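S.K.: These protein sequence lines map, in sequence, to chains L and U. Take full-length UniProt numbering: the last position of the first sequence gets the number 469, and nothing is skipped along the way. Take full-length UniProt numbering: the last position of the second sequence gets the number 249, and nothing is skipped along the way.
By construction, these hints were calculated from the structure, which means they are not laboratory data. None of these values were measured; they are calculated from a predicted model. Do not rely on the hints blindly, as some may be mistaken.
[Said to hold, decoys possible] Okay, derived cross-link-like pairs now, DMTMM-like style, lysine to aspartate or glutamate, Cα gap no bigger than 25 Å in a straight line:
no., chain 1, residue 1, chain 2, residue 2
1, U, K194, L, D202
2, U, K196, L, E47
3, U, K199, L, D46
4, L, K49, L, E74
5, L, K238, L, D202
6, U, K196, L, E74
7, L, K49, U, D78
8, U, K204, U, E48
9, U, K197, L, E252
10, L, K238, L, E74
11, U, K199, L, E264
12, U, K194, L, E252
13, U, K100, U, D110
14, U, K45, L, E264
15, L, K83, L, D69
16, U, K194, L, D69
17, U, K196, L, E345
18, U, K198, L, D151
19, U, K196, L, D69
20, L, K234, L, D202
21, U, K194, L, E264
22, L, K216, L, E264
23, U, K107, U, E159
24, U, K196, L, D202
25, U, K47, U, E146
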Amino acid sequence: MAVVGPLSRIARIGSTFCRNNSLIFSRSSQRRGIVSCIDPSHGLTDEQKEFQKVAFDFAANEMAPHMADWDQKEIFPVETMRKAAQLGFGGIYVQPDVGGSGLSRLDTSIIFEALSTGCVSTTAYISIHNMCAWMIDTFGNNEQREKFCPDLCSMEKFASYCLTEPGSGSDAASLLTSAQKKGDHYILNGSKAFISGGGDTDVYVVMCRTGVKGPKGISCLVVEKGTPGLSFGKKEKKVGWNSQPTRAVIFEDCEVPVTNRLGEEGQGFNIAMKGLNGGRINIASCSLGAAHASVLLARDHLLVRKQFGEALANNQYLQFKLAEMATKLVASRLLVREAAKALQENHPDAVSLCSMAKLFVTDECFNICNQALQMHGGYGYLKDYAVQQFVRDIRVHQILEGQFVLLFVKMTAISRTKTASLDLCRNQRGDEDDHLQKSADGILMSLFSWITRTFLQHHMWSLCVYWLT
Amino acid sequence: MSKKKSFLAIELQIRVKPDHSGVVTDGVKHSMNPFCEIAVEEAVKLKEKKLMKEVVVVSCGPQQSQETIRTALAMGADRGIHVEVSGKDYETLGPLQVSKILAALAKKEDAQLIILGKQAIDDDCNQTGQMTAALLDWPQGTFASEVSLEKDGIKVVREIDGGLETIKISTPAVLTADLRLNTPRYATLPNIMKAKKKKIANVKPADLGVDLTSRLEVLRVDEPPQRQAGMKVETVDDLVSKLKDAGKV
């Protein structure tokens, strides 16, 4: 049967790779033991490979050794993140004139994917911080950019993003936090829920209602910690993402100067949605890193663990399973990177592609990590083994940054522009006959038809009816 | 000037070629030799302390050596020289040939200090630094774990079998870096981007008047022997007689 052939070839390649031997230096990074077929540096330029190298090294040396500790003790690793900021990771896609690194969305995705192999939770927070810095950089005026961005890029100050409320999650446009204009200040009243970094961060990018109901009445304000009327709820106890505190952010007659408003009144929702496009790619990239690390952990375990007289790696089912995990990892990676390129180029389908990437990749990568845990057997359930932390940490990626809403956006895009996303791949191929682009075409074609088949058949018809009526 | 070598990534399974002439290197990831990273870091540190004007990194090898030069440029080196050696010449390239190339380049560039890694972790030769110094007739400070430039020379603390030895050598000199000399820095994103604009000059060994023929011929490369099962014995006498039988005693 056609399917068995490629699976067994990948499986055979997987079983010849030896496990990590004892390292000579602590600086030897995970990347040096990379299995070639899931090598994340495929198709990258030399410069991108350099960025990736630095990020992998940093993740292996500065983050991975502390990942479990940060999770157990719920430590917010301020010093480590400041070290990352010194390398330029504090404002990766913020412009250089205010301290950012001025890189592209694809470069950002590559960096977060690599950092995530060291600690998903910390990398996810760094990506949220980056999104806030970018919002101020892109939508703020020069005074605001110069006031906030340099400190955010160096992580002298940390940022949080406040959109979600107890009564509005997926239905973000129905948010209630009000901002009444009084002279040259806005008076904020309301509360935000599930705010990453809340209470420990210094700069809050807050979406609030300055006008009418619905998206057009929302504006974006920057609130600094220490402003009277700004307080925080208790630190939430979470299943994962424990290296970043999560608290409610409460506004009680909190006075914020009008000069802290990003963009115009009523522009807030637009800013939020634009921010979420990048946010979705970043979260998907974090899931990729976790899945990559989990595949390597699973491979190592299969080579070591013996049952029924031989290593688990000799078991055909497990070989096929590992090959399947590797395949889905590579497919996910291609989708995220295409979405990142589309966003960078302001392609008309960028929003759909970012949504597709977030939807597909967070689900697939969670399944990969979960499968890797399963392969560890009972050991996978122990906190001594890293794989359970990857599973716990990326579970939330399937929830935040939009779940239900995504389906709508994607469905709308599919029904309106059936072939546009596919054309995207062809337009991007340059003069060089890049084989990876060709395989990206093929994989995206099959992904597209798989998504259409699965979701349209099972979930979308009812939603279609709702949308059309 | 600092010299770097790229080597096969240490955690991949190395396979011997079917004809036992060497190991398979096609399609295998290469990285900068860790001791060379330490050497580059030391050179960049000296430049930052304003004790050296310019750091030039050199690598000898095929096209992919340029990647390691770029990494060094991203760490802070000023420019690179790629000595192109490929194919058969590259397979037989050993410390003697490399040191001849370095000696020629040192004279051409008027270098004051050559810093190398103490050894490459693929062949573990530990010869290039010493040979380069001999060819140039320069003093050498090898296995350096501490280097300080002083008015009348360089003070080098060397790690030797007996402990630490401190020597003073005059410039120009050759140093080889040992593990504890420093901790190499991460390249920063802005530096990686700046590195793109830094120049890498391409040079052929023939241009330097260097003869690359090897005086050594590799006869055979074999994997380490498979571990054999041991056996348990009851008494010391048994042990001695078994050892005698096996011809070990």
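S.K.: So, for every hint listed, does it hold in this structure?
M.R.: Do the hints match the structure? See the list:
Distance hint between U:K194 and L:D202 is unfulfilled; the C-alpha atoms sit about 32 Å from each other, more than 25 Å. The suggested pairing of U:K196 with L:E47 holds, with an alpha-carbon distance near 8 Å, which does not exceed 25 Å. A C-alpha spacing of about 15 Å is found between U:K199 and L:D46, which places the hinted pair at or below 25 Å, so the restraint holds. Pair hint L:K49 plus L:E74 does not hold up; C-alpha atoms about 32 Å apart against a cutoff of 25 Å.
This hinted pair checks out: L:K238 and L:D202 have alpha carbons roughly 22 Å apart, not beyond 25 Å. In summary, the hint linking U:K196 to L:E74 is not supported, as the alpha carbons are separated by about 40 Å, beyond the 25 Å threshold. About 20 Å separates the Cα atoms of L:K49 and U:D78, which keeps this hinted pair within 25 Å; it holds. A distance of roughly 31 Å separates the Cα atoms of U:K204 and U:E48; the hinted pair therefore is violated under the 25 Å criterion.
Under the criterion of a C-alpha separation no larger than 25 Å, the hint pairing U:K197 with L:E252 is inconsistent with the structure, at around 53 Å. Only pairs whose Cα atoms come within 25 Å are accepted, and L:K238 paired with L:E74 is accepted, the gap being roughly 10 Å. For a cut-off of 25 Å, the pair hint linking U:K199 to L:E264 is broken: about 46 Å separates their Cα positions. With a C-alpha separation of about 48 Å, the suggested pair U:K194 and L:E252 falls outside the 25 Å cut-off, and the hint is violated.
As the CA atoms of U:K100 and U:D110 are separated by approximately 15 Å, the hinted pair is consistent with the 25 Å bound. Of the supplied pair hints, the one linking U:K45 and L:E264 is violated, its CA atoms being roughly 49 Å apart against a limit of 25 Å. Only pairs whose Cα atoms come within 25 Å are accepted, and L:K83 paired with L:D69 is accepted, the gap being roughly 18 Å. Straight-line distance between C-alpha atoms of U:K194 and L:D69 comes to about 36 Å, which puts the hinted pair past the 25 Å bound.
This hinted pair checks out: U:K196 and L:E345 have alpha carbons roughly 23 Å apart, not beyond 25 Å. Proposed proximity of U:K198 and L:D151 is contradicted: the alpha carbons are some 29 Å apart, above 25 Å. Our distance criterion of 25 Å between C-alpha atoms is broken by U:K196 and L:D69, whose separation comes to about 38 Å. A C-alpha spacing of about 17 Å is found between L:K234 and L:D202, which places the hinted pair at or below 25 Å, so the restraint holds.
In summary, the hint linking U:K194 to L:E264 is not supported, as the alpha carbons are separated by about 37 Å, beyond the 25 Å threshold. Pair hint L:K216 plus L:E264 holds up; C-alpha atoms about 11 Å apart against a cutoff of 25 Å. Between U:K107 and U:E159 the alpha-carbon distance is near 29 Å, which puts this suggested pair outside the 25 Å criterion. Distance check on the hinted pair: U:K196 and L:D202 sit about 36 Å apart at the alpha-carbon level, beyond 25 Å; violated.
Restraint check: the Cα-Cα separation between U:K47 and U:E146 comes to about 16 Å, which is no more than 25 Å; the hinted pair holds.
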